[in-house]
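4 protein chains.
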Amino acid sequence: MASTLFKGIIAYPVTPFSERDGALDIPALEQGIERLIKDGVHAVAPLGSTGESAYLSDAEWDAVADSSLRAVNKRVPVVVGISDLTTANAVRRARFAERAGADAVMVLPISYWKLNEQEIFDHYAAIAGAISLPIMVYNNPATSGIDLTPQIIMRLVREIDNVTMVKESTGDIQRMHALYRASNGELPFYNGSNPLALEALCAGASGWCTAAPNLIPQLTLDLFSAITKGALDEARKVFYKQLPVLEFILKGGLPTTIKAGLRIQGFEAGIPRAPLKALSEAETQRLAALLRDIG
Amino acid sequence: MASTLFKGIIAYPVTPFSERDGALDIPALEQGIERLIKDGVHAVAPLGSTGESAYLSDAEWDAVADSSLRAVNKRVPVVVGISDLTTANAVRRARFAERAGADAVMVLPISYWKLNEQEIFDHYAAIAGAISLPIMVYNNPATSGIDLTPQIIMRLVREIDNVTMVKESTGDIQRMHALYRASNGELPFYNGSNPLALEALCAGASGWCTAAPNLIPQLTLDLFSAITKGALDEARKVFYKQLPVLEFILKGGLPTTIKAGLRIQGFEAGIPRAPLKALSEAETQRLAALLRDIG
Amino acid sequence: MASTLFKGIIAYPVTPFSERDGALDIPALEQGIERLIKDGVHAVAPLGSTGESAYLSDAEWDAVADSSLRAVNKRVPVVVGISDLTTANAVRRARFAERAGADAVMVLPISYWKLNEQEIFDHYAAIAGAISLPIMVYNNPATSGIDLTPQIIMRLVREIDNVTMVKESTGDIQRMHALYRASNGELPFYNGSNPLALEALCAGASGWCTAAPNLIPQLTLDLFSAITKGALDEARKVFYKQLPVLEFILKGGLPTTIKAGLRIQGFEAGIPRAPLKALSEAETQRLAALLRDIG
Amino acid sequence: MASTLFKGIIAYPVTPFSERDGALDIPALEQGIERLIKDGVHAVAPLGSTGESAYLSDAEWDAVADSSLRAVNKRVPVVVGISDLTTANAVRRARFAERAGADAVMVLPISYWKLNEQEIFDHYAAIAGAISLPIMVYNNPATSGIDLTPQIIMRLVREIDNVTMVKESTGDIQRMHALYRASNGELPFYNGSNPLALEALCAGASGWCTAAPNLIPQLTLDLFSAITKGALDEARKVFYKQLPVLEFILKGGLPTTIKAGLRIQGFEAGIPRAPLKALSEAETQRLAALLRDIG
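Protein chains in written order, with the numbering used here: chain W, 0 to 294; chain U, 0 to 294; chain E, 0 to 294; chain B, 0 to 294.
No lab work stands behind these hints, which were simulated from the structure alone. Values in this document were obtained by computation on a predicted structure and should not be read as measured data. Be careful, since some hints might not be right.
Because identical chains share one entry, a pair is satisfied inside a single copy or across any pair of copies.
[What the hints assert, rightly or not] Calculated cross-link-like contacts (lysine to aspartate or glutamate; reagent style EDC-like; alpha-carbon spacing at most 16 Å): (1) K240 x E185; (2) K236 x E185; (3) K276 x E116; (4) K250 x E116; (5) K276 x D121; (6) K240 x D292; (7) K73 x E97; (8) K6 x D221; (9) K250 x E282; (10) K73 x E33; (11) K236 x D292.
Starting from the given sequences, assemble the full structure and let the hints guide the process.
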């Protein structure tokens, strides 16, 4: 299980909407991705939580997948987020992503009714059987309503061939310990909780899936690089420096805060889709101050 | 606020799918509704959680709304469930329900990203402004991921004219106490947590929104009637009699357990849509035994 | 299991301390109990949570047990609260209570380290084996740190002869449902959560263990009597009338709020023992207003 | 605030009881401490959670404090645990510890009734005012029932002169981040959650308060030393090696598991005091296997 394409800073682009009519703004999407790649991120993950995947129609989703992959153009690996309430549409999207050239898919089993273990397993098995790409299991109960315990994750990894990576976003470091122990350190796991970045990397995470590079790319790269060279004091310093921004963007909801931050930095990606709203003026001032303090 | 069309047992129909191809089975939908009305329920609530509304395409949703209203044909009041991740589509569905003849809509603000109070308010305001039907606020954080506190609910009721009813499904009786106190007992509230039915009615709930009438209609009606006439001992007796079934259907997920129960009773409504699965054989035997014990 | 000495309103006296030196004020203790009995409560429960049992030395505890029993003087049944971190001292206190003339003991297995099921069982078995009084199992995880599930409680009831009653203070009505179902309605259970009083009695509770009679005895008695005669509308009315006081005294901590309320009513029982503090002036004004509104 | 006597591995001794009559076994207590010091721990913390402080009479507590300090005999710093339900007795114990020669006290505000912020503050202020030793604030809501938020802790640190250190045992690394940020990295904080040891030290903890050195002293020292020299890979390796033992001793309750482990290693410290029980035979076999795997 050990080797992996994905290592380091895996960045989430936002999905820009036009302020005029709320439609997808594909040129801004492409520019946003270009910005991330120019800034040096190690991989790109479109259509994740930050990408407002849950709020897109099928046609929009397909357009974003397609445009994102063309914009990256194989310069870095791409993992496309797949989460849909029905298995049928999750399968459809995974197939679409594969045809469009994704290197992997990241699957979050979103729910209305809670799923039992077998329902979760069959959902993954159906998607895995429909594509030949590697699959990153994504656990984020706070948004998805389903908690994939380390036991369930290990079952998926052991019983489904192309399930080969895990992204853990609970923010509970013990989950990572459990995955490490259960796989003898061989299962690549990724941190999806921004304020846990330092500790997750110390505990052996292969990478950090994050929207932060949209606003503070160098600090995220510096943290990963300090850990890689074993410079713990430097890692701690660079982590505490960026922590106020990491906490802010998480607390306010990533699409909301990242789009506000991009606007502060002069990049126009619009605002999130309703019922999500733009960040309030007061909060935008706070974010601007945090970004200024760091810069 | 006090008077209301909706009182008593408000029944959720299931949304049947064909086992052959998973398509909507409209004739079975109509028969299921007919069954509920024949059994004497006081109102019908299509496209709720039990109706797998979350798993339907827009075209399917529209078809179910239309067929359900035609099947009821004004014999009892109908409240149509509206829950969509985007405000735009929630508005579209509410308008559709109004045109199709609904008496009210029940709005659940489902989330991927958590909504703050203003986002929740604006979501309700947008829907309320688009229709002239009364709106039942629906709180069910376990499925929707959003908790509408009594404070938020009272703000909606006070500031939006056609928000006039509340359905509480947290199972926490203190929420009902808070609504009662904040409105001097004038805001009609409904219980959506099956195992709380006795206490909610004792505490003043106007009705009980439930899928149980699909399987045990008379017991649900008997409970409401015992409470209405102040026969507390009888109410307690009939409640404890049906409690094992109420707990079972809640624990296993309503679409899953109700469809299994309907099949046990000889009514074919298929199985839920994947990733949801049919109830296991062992659990189906348990449900059959529970229904037999009661009968 | 069904018949029981204890039925109706079981009142907790406070344990008064002198403001001068913090010592026990036995005359005030006796007067407080006299007040409760004059007001008509059905039973008295000294040395409970309200009685600050946890903050007393052994000598003080013994003095309160003794004085309370003498003050009641067999006019109503008395259940003495037993909760001590060590089994040895819990046994000692239970024996003391028996010798002093208690009718029953109420045992709360308080913890520093969490107890497993066998440790809980052996704690109860040791106490039960040392006395011949009936034992009321008391579940209150919010103060004790140990949650006695219905399964554990039923094991205690089935395997230990003199464990014959349960007081449930979680505030979760489903716990009472579980006890009712598991014992076919034969195990007497009591409500220890003030804001659940209406629903617990509707669900079949034999009584209500409460500190509220110190301040509003008639309303608590009226609720019990309305339920007993099946007057549900009246019960609901009298419950909502007293609910603001019930919520207030629970939220502020019972020794703190009850002692403040007694002072408002002209009965001097001092303030709680440090680290507990007297109710703040602002909160005392609120309590006074709530009591005035009701009176 | 930055400099501190306490750094590195701060070990909790157990409090041995004779199996014959349950009395304190002072010679075994002294030998246990001697063992820890010989093994190289950096400091000793008697009368903590592991030391069953909560289950001792006052006379026993005093004897353990006295004997522990004499056994250490100034070879390493000693921080004595203070936690008592009443402020008066907590003050008495703190004074006793100072007179007996402690270098600091660690104060856990244990509760029956929840304490509000002012009650917590006054409890600390009373103890701090009675002694001139430095005080380590100890947060462990799982055992104490009181959660000291970073906000409350920072208030204690800022407003009470001799409150100068914090021990955090919630296991939530974000609490440490908050303390670090609020004090610009100047407040010494210690980790009290065994399975968080790696990450807490990476995040800047000054030390690790732990019972693990009773069983695996070298591994705990190796982890601290690897972190100190910035050898992250080595730290991770030695942490994952000991993690199964750390998880086991936490899960089973420290007095129970540590006393069982000591017996496995041939050191007789008896069993915990009832209601706590000896570790079961099956669990003891598991612990023996874990210790063998590591050795």
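Results for each hint:
1. Taking CA atoms no more than 16 Å apart as the test, K240 paired with E185 passes between copies only; the shortest distance there is 15 Å, against 31 Å inside one copy.
2. With identical chains, the CA atoms of K236 and E185 are at most 16 Å apart between copies only, with a shortest distance of 13 Å across copies and 29 Å within one.
3. Within a single copy, K276 and E116 get their C-alpha atoms only as close as 35 Å, which misses the 16 Å cut-off; across copies the closest is 11 Å, which meets it.
4. In this homomeric assembly, K250 and E116 come within 16 Å of each other (Cα to Cα) only across copies, at 14 Å, whereas the closest approach inside a single copy is 30 Å.
5. For the identical chains of this complex, K276 and D121 are inter-copy neighbours only, at 9 Å across copies versus 35 Å inside a copy, given an alpha-carbon limit of 16 Å.
6. In this assembly of identical chains, K240 and D292 lie within 16 Å of each other by CA distance solely inside one copy; the values are 9 Å within and 40 Å between copies.
7. With identical chains, the CA atoms of K73 and E97 are at most 16 Å apart within one copy only, with a shortest distance of 14 Å there and 49 Å across copies.
8. Taking identical chains as interchangeable, the C-alpha atoms of K6 and D221 lie at most 16 Å apart only when both belong to the same chain, with a minimum of 14 Å there against 29 Å between chains.
9. In this homomeric assembly, K250 and E282 come within 16 Å of each other (Cα to Cα) only inside a single copy, at 11 Å, whereas the closest approach across copies is 33 Å.
10. For the identical chains of this complex, K73 and E33 are intra-copy neighbours only, at 12 Å inside a copy versus 57 Å across copies, given an alpha-carbon limit of 16 Å.
11. In this homomeric assembly, K236 and D292 come within 16 Å of each other (Cα to Cα) only inside a single copy, at 15 Å, whereas the closest approach across copies is 36 Å.
The structure fails none of the hints (numbered hints given earlier).
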